[in-house]
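Participant: As a plain string of letters, each chain reads:
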Amino acid sequence: MVSNVTYLANVVHPVQLGILISIYFFYTGLSAGSFVLSSLGTVFGIQKYKPIAKAGVIMAVALLAIAPLHLIGDLEQPQRFYTLFFRLNPHSAISYGTFLLTLYPLNSLIYGWFLFRRDFATGAQELTGFRRVLYKFLSFGKMDLSKAALAKDAKIAKFLGTLGVPLALMVHGYTGFILADIQARALWHTGLMPLIFLMSAMVSGTGLLILVLMFSQRFLSPERTITPERKSLLLDIAQLMMWFIVVDATLMVIDFIMLYFDNVAGHAAAKLFLYGSHRTMFLGVEVGLGLLIPFIITLLPKTRKSLGWIGFASVLTLIGVIAMRINFVIGGQQIPLSADTLNPYTADPKHLIMIGIFALLEITILYLAFRFLPVYGLPKEKVQTEL
Amino acid sequence: MTEKKRRWAMVIDLRKCVGCNACTVSCKIENNVPEGVYRTWVKEIEKGDYPQVTRFRLPRLCNHCDNAPCLAACPVQATYRTEDGAILIDYDHCIGCKYCMAACPYDARFINPVRKTAEKCTFCYHRVEEGLLPACVTTCVGGARVFGNINDPESLVAKLVANNPVQVLKPEMNTQPYVFYIGADQNIMGARYDNLEKGEQ
Ligand code: SF4
Ligand code: SF4
Chain L
1 MVSNVTYLAN
11 VVHPVQLGIL
21 ISIYFFYTGL
31 SAGSFVLSSL
41 GTVFGIQKYK
51 PIAKAGVIMA
61 VALLAIAPLH
71 LIGDLEQPQR
81 FYTLFFRLNP
91 HSAISYGTFL
101 LTLYPLNSLI
111 YGWFLFRRDF
121 ATGAQELTGF
131 RRVLYKFLSF
141 GKMDLSKAAL
151 AKDAKIAKFL
161 GTLGVPLALM
171 VHGYTGFILA
181 DIQARALWHT
191 GLMPLIFLMS
201 AMVSGTGLLI
211 LVLMFSQRFL
221 SPERTITPER
231 KSLLLDIAQL
241 MMWFIVVDAT
251 LMVIDFIMLY
261 FDNVAGHAAA
271 KLFLYGSHRT
281 MFLGVEVGLG
291 LLIPFIITLL
301 PKTRKSLGWI
311 GFASVLTLIG
321 VIAMRINFVI
331 GGQQIPLSAD
341 TLNPYTADPK
351 HLIMIGIFAL
361 LEITILYLAF
371 RFLPVYGLPK
381 EKVQTEL
Chain D
1001 MTEKKRRWAM
1011 VIDLRKCVGC
1021 NACTVSCKIE
1031 NNVPEGVYRT
1041 WVKEIEKGDY
1051 PQVTRFRLPR
1061 LCNHCDNAPC
1071 LAACPVQATY
1081 RTEDGAILID
1091 YDHCIGCKYC
1101 MAACPYDARF
1111 INPVRKTAEK
1121 CTFCYHRVEE
1131 GLLPACVTTC
1141 VGGARVFGNI
1151 NDPESLVAKL
1161 VANNPVQVLK
1171 PEMNTQPYVF
1181 YIGADQNIMG
1191 ARYDNLEKGE
1201 Q
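The listed protein sequences correspond, in order, to chains L and D. For the first sequence, position 146 matches number 146 in this note's numbering, and the numbering has no gaps at all. For the second sequence, position 163 matches number 1163 in this note's numbering, and the numbering has no gaps at all.
Honestly, the hints are just simulated from the structure, not real lab data. Careful, some of the hints might be misleading.
Stated by the list, open to error - Using C-beta positions, here's what the derived DEER-type ranges look like:
no.	chain 1	residue 1	chain 2	residue 2	range
1	D	Glu1035	L	Ala359	33 to 41 Å
2	D	His1126	L	Pro344	26 to 34 Å
3	D	Gln1052	L	Ala359	53 to 61 Å
4	D	Arg1115	L	Gly45	37 to 45 Å
This one's a predicted model, so the numbers in the text were calculated from it and none came from an experiment. C-beta atoms are modelled at their ideal positions from N, C-alpha and C, and glycine is treated no differently.
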């Protein structure tokens, strides 16, 4: 290739899909991850994970309720978003996503209801005050607590959960396809992309679940404490997280080896991430903070038995996966298509404000759900004196 | 022989392009394109070392691809293809998701900051429908830009494509562009990756 070429005139093409889309991918990943963890007990029948089924489904629903707001917020014509439901394009990943993003939270919601119905019905009969009214309403009048009725609940929950697992995988797999389908962008155009997105979803979903469990068990559960059984389950989930990290990292290594030996654009992308200006975000934050350190923490016998360390590792995985979403979404568009320098990106302050508001909304929803729903069973008599 | 369907195409003979940007300006005026964004522009490079040095130019626009990734990407069918092969955007239905802009391998699309929808070159479809030529073609000082029905063997575009070695941009993307270049230098046709971060260092 001729090296003495100078660009004199060209038009700058800034990155289009920015931080809102990256964070949207982060939320859907968290949701899909928590749903799969919720299903381990109910669908796959692994008894020890039964206690987290409800927490998992609440997170799955609450996260997916907020996730699409990021997408709508990113539209230039947000008021036209509903046309996505009927002006379909069978070639566009986004058209499929529209329905997945609708069906999956609905299915999760109904699945969750069947997990909670027993507590709603019991609570409506045994509790007093505000919770009695709330649970009575939420039980929708289905008060039957006979063995047969409960067995039926479990059966339906299992069925919906079984449906939910592929839906969760598809919801997050499709976000991978949004990128993978785009041949123009060397960093995105790989069959590994949906798998990488799924595995990083599992890593971050587990990370957030651990944190939410720790906080809610300590401060919001009827016992207000992390009992020894809960602790051992948390440590167990952390071990799951370690294996998710291993698979995620393996996929990432494969992806970058392929990219390194790819065509000129792919090779440039690999170089940018491995030793160019994106190496801090990629090797430092995404890989180092987000995968390597949590892996070490969950591996070493001393740290993997400590809730403090596990919590720290979970925070790191979240930071790492946010970095991953940003690196891939924005970084992928920075590799130029017609220029000789990286395409510029500046985050729109409006978008940053939206992300902040959505995050606050998310935290509020999660707090209210864990505070008022019988995630850890019904409150004991104490409640009656309290209310 | 049955007559083939009309298919609009453009040939840009780079031997005749002087890099005056008259096309850039006329397009802006004709299509009311706001500041900072372009439906067509002229890319320019310099190759070689003094005294062996030459400038090369490449007028750029939407390629109205036959296999258009932007068309596949658009989730609300706001991007569509006309009977005669032009790729257009329905501004009343575009939701501004920008997915087409990620999908186009040619940087042809942008968001119109005033209308808040995706936008790009239309081959001046409003003019062509009236039997006129695209604005850039009529203003092209060197006569480098030629427009017409490539399926009509008598048209100038068909003759130019038949009688010259022509190039399209990024053929490996399988987009099947309908903007053909004569005399394009490979160093200007895509991106250059050898020193991506020079601006930042
Ligand atoms: S050049 Fe880009 S915008 Fe134009 S038709 Fe091809 S893919 Fe679509
Ligand atoms: S920005 Fe408009 S034209 Fe482009 S894909 Fe989205 S809806 Fe379609």
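Participant: All the hints need checking, so say for each whether the structure fits it.
Facilitator: Tested hints:
1. D:Glu1035 / L:Ala359: 33 to 41 Å: holds, 35 Å
2. D:His1126 / L:Pro344: 26 to 34 Å: For D:His1126 and L:Pro344 the Cβ distance comes to about 33 Å; the hint holds.
3. D:Gln1052 / L:Ala359: 53 to 61 Å: holds, 58 Å
4. D:Arg1115 / L:Gly45: 37 to 45 Å: violated, 55 Å
Of the numbered hints stated above, the single one contradicted by the structure is hint 4.
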